Amino acid sequence: MKPAWWTVFRKEVTENLRDRRTVINSLVYGPLFGPFLFVVLIGFVVSQAGDRAERPLELPVAGAELAPNLMAFLRQNNIVIEQAPEDPEQAVRDQDQELVLRVPAEYAERWREGRSAPLELIYDQSRQFTQQSVLRLTRVLDGYGGLHAALRISARGVNPEVMRPLAIVDRDQSSAQSRAGMLLAFLPYMLIIGAFVAGMYLAIDTTAGERERQSLEALLINPVPRSQILIGKLAATTAFALTALALSLLAFLIALPLMPVGQTGLDIQFNVTTAAWAMLAIAPLALLAASSETLVAAFSKSFREAQTWLGMMMVLPAIPAVVLLLNPVKPTAWMYWTPLVSQHVVLNQIVRGELVAGWQFAASIVGTLALGLFLAWLCIRIYHRERLAISV
Amino acid sequence: MIQVADLRKAFGTVKAVDGVSFTAHDGQITGLLGPNGAGKTTTLRMLYTLMKPDAGSIRIDQVDALAQPLAARQRMGVLPDAKGLYKRLSARENIEYFGRLQGLDEASLRRRTDELIAALDLGEIADRRSEGFSQGQRVKTAIARALIHSPANVLLDEPTNGLDVMATRAMRRFLTGLRDAGHCVLFSSHIMQEVSALCDRIVVIARGRVVADGTPDELRAQTGNDNLEDAFVSVIGSEEGLS
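So the protein sequences, as listed, match chains A and B. Counted from 1, the first sequence has number 224 at position 224 by this note's numbering; the numbering is strictly sequential. For this note's numbering, add 1000 to where a residue sits in the second sequence, where the first one is 1.
Hint data in this document are derived by calculation from the structure and do not stem from the laboratory. These numbers were taken from a predicted model, which means no experiment stands behind them. One or more of the hints may lead you astray.
[As the list claims (entries may be wrong)] Restricting the straight-line Cα-Cα distance to at most 25 Å, the calculated cross-link-like pairs of lysine-lysine (BS3-like) are:
#1 Lys1052(B) to Lys301(A)
#2 Lys1087(B) to Lys301(A)
#3 Lys1015(B) to Lys1052(B)
[Stated by the list, open to error] If you want a taste of the chain A side facing chain B, the calculated C-beta under 10 Å gives, among others:
#4 Glu15
#5 Glu212
#6 Leu216
#7 Leu219
#8 Pro223
#9 Glu386
Virtual Cβ for every residue (Gly too), placed ideally from N, Cα, C.
I would like the entire structure built from these sequences, with the hints used as guidance.
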């Protein structure tokens, strides 16, 4: 004979697979929305940035006729000189222009005298991408200035190196994969949220939902220990969360290679092996999600009430991820033992292509399973309370 | 057989059940009659071990229900006050789910389900999802799932609540059939006519206490009323909450 929890598990899974709303929310929307949004957004940003870096910069210049040599230099550096509007400041404020260069009347005279010649950049820094254009123009202008500084100095018989006491060489220790890891930094966040979203509907349906539909009392009259009934329900919720996580990782596995990251010099290493390790790292969270959500839902009197509480609770798993996303710190031992934090840290290491030590993996799994089991035990305790079964 | 002695249950300061004792025998229909709020549902809930009494004893076929709740529940088929079904499962699946929880093997589960579907005239809706069932169809399905393990004792809390005349008559026939097959049938009701038409033995409950207990003839003799319904009113002391 099959154990009672298996009967409960099978029935909950069957019943919920027949519910379109649950299936769409738990197994379609939850696991696939994250990867989709991620790929579309990042893809858009990456391709925008790439385009802007390569496209000629269209630059309206006021007073271009005062500095013909400078204009020639700008053209050599992939900048297209355009006619400036009547009132450059107004044009920038009206967002008709992003960046305007003005050559003031005194430019030519001061240049000839060998004094600092003024140039004005007119832009609005609060606009997206403007900073990039300004940076690009400033670099070209600095190049022009540096070139002429060297020429003027050597004309006076001085070695131009006098002007460059420092020779800076960049030796970036990041790998193409670890830079891509920065891009993947919110993959852990999405997986963690995904696990909680996927479990939510079953956690409610199997507890508060069953109470509201007035079938709980009849169920509990069967000669089966309540712990078995609850284990079956928790197992069904956990199974849904695990399935959602697997689907989510599969979606990332398919979607990430489609992203136009090649031109940025990033190397996204997210293959079947990485995905499998990621699944192992995140799997214990499915139980934690199921038991914490069941705990909250078991206290609620109705589906709606449970939904409200769990909606508010959804913020909790996101907090460690968001804090670590905004304030990345070097992981310390306690982090590997702390549920939610450990998944974030371990997953980050996996997507950055760093080695995850055995004890780190074990600590993450043991810590999360321990909390998950403790909450499951609390759920069982609640299910033994007398008032629980009474629907009205 | 169900034997209850001096059952007590209080919620806070409210004594919902205050010393209820009675015996329901095999091959008899025992009615628990009382106005709404008299303590019938609470008494039944303690019988099927959903609630723990503060004091008293319950024996189901000589099994102490307080000491061995699982064994006691195996001997009972219960139609509780809440008769909700799983609406995304068919009537058959609803019945089979409870059968599996009762520990039936697949062969006897199938046989017994077919028997109950035939006995309760559920054939037409057996494989339809229970969403959209009429009240009568819902109650019949709930009875089938309660009786899937052929229990010797059958407890029903207000089984005819919300049923139309035809369904009520079918329910009465079904209960009589169970009695004739030797089951111990215990049901609660606040409908005097139903209790007088069906019961071999009547336990009248008011304010958490048993105010009368006996066969219809004994009740009539005890109160000096020829009419059983007048007898009920005189032992309860009021018509309030009855119908």
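Each hint tested on the structure:
{"no.": "1", "hint": "Lys1052(B) to Lys301(A)", "result": "22 Å, holds"}
{"no.": "2", "hint": "Lys1087(B) to Lys301(A)", "result": "19 Å, holds"}
{"no.": "3", "hint": "Lys1015(B) to Lys1052(B)", "result": "14 Å, holds"}
{"no.": "4", "hint": "Glu15", "result": "5 Å, holds"}
{"no.": "5", "hint": "Glu212", "result": "8 Å, holds"}
{"no.": "6", "hint": "Leu216", "result": "8 Å, holds"}
{"no.": "7", "hint": "Leu219", "result": "8 Å, holds"}
{"no.": "8", "hint": "Pro223", "result": "4 Å, holds"}
{"no.": "9", "hint": "Glu386", "result": "5 Å, holds"}
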